[in-house]
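Going by our numbering, the first residue of the sequence shown is number 10, and it counts up by one from there.
Watch out, some of these pointers could steer you wrong.
[Stated by the list, open to error] Now the in silico label distances, taken between C-beta atoms and shown as ranges:
(1) E17 with N91: 27 to 37 Å
(2) D88 with W60: 12 to 22 Å
(3) G42 with A12: 32 to 42 Å
(4) W64 with L105: 18 to 28 Å
Treat the hints as calculated values from the structure; they're not laboratory data. Bear in mind that the values here come from a model prediction, so they are computed numbers and not experimental data. Yeah, the Cβ is synthetic: ideal placement off N, Cα and C, and Gly gets one too.
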Amino acid sequence: MLAVLKSESKEAFLLALGHRLGLAARFVFSEEGSDALQQAQACNEMMISIWLQVWAMKDGEGDGYPDSEFLPVLLEKADAGNARSYLRDALEAALLYIHRDGESG
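Using the sequences and the hints given, assemble the complete structure.
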């Protein structure tokens with residue numbers, strides 16, 4: 010994933026990742042389970058981090074995380090809400106998206 014974050018595909022990857030986590034959160038809200046609220050909150054926290062990365066790319070202020078720290082941040086947020094499986098699925102879908110479209114990374 011670090012290679013994608015350092016490539017021209019970074020923005021497309023982040024947008025696809027955020028989209029997939031949004032879909033995961035919507036799915037979680039429709040589920041009945043003791044972890045549902047925590048999982049939805051974790052997906053929301055991960056999306057906030059993703060949008061921060063996108064904004065940092067746009068404004069050049071450097072408010073985002075360094076590329077090497079981004080995945081650990083997402084993992085920490087996912088683990089806090091027992092949502093690692095949703096993060097994994099979103100990462101896989103985002104990687105497939107950029108490779109399907111022939112973007113480098």
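Cross-check of the supplied hints:
1. E17 with N91: 27 to 37 Å: For N91 against E17, whose Cβ atoms are near 34 Å apart, the range 27 to 37 Å holds.
2. D88 with W60: 12 to 22 Å: 20 Å, holds
3. G42 with A12: 32 to 42 Å: 35 Å, holds
4. W64 with L105: 18 to 28 Å: At 25 Å between Cβs, range holds.
Checked against the numbered hints listed earlier, the structure breaks none of them; every hint is satisfied.
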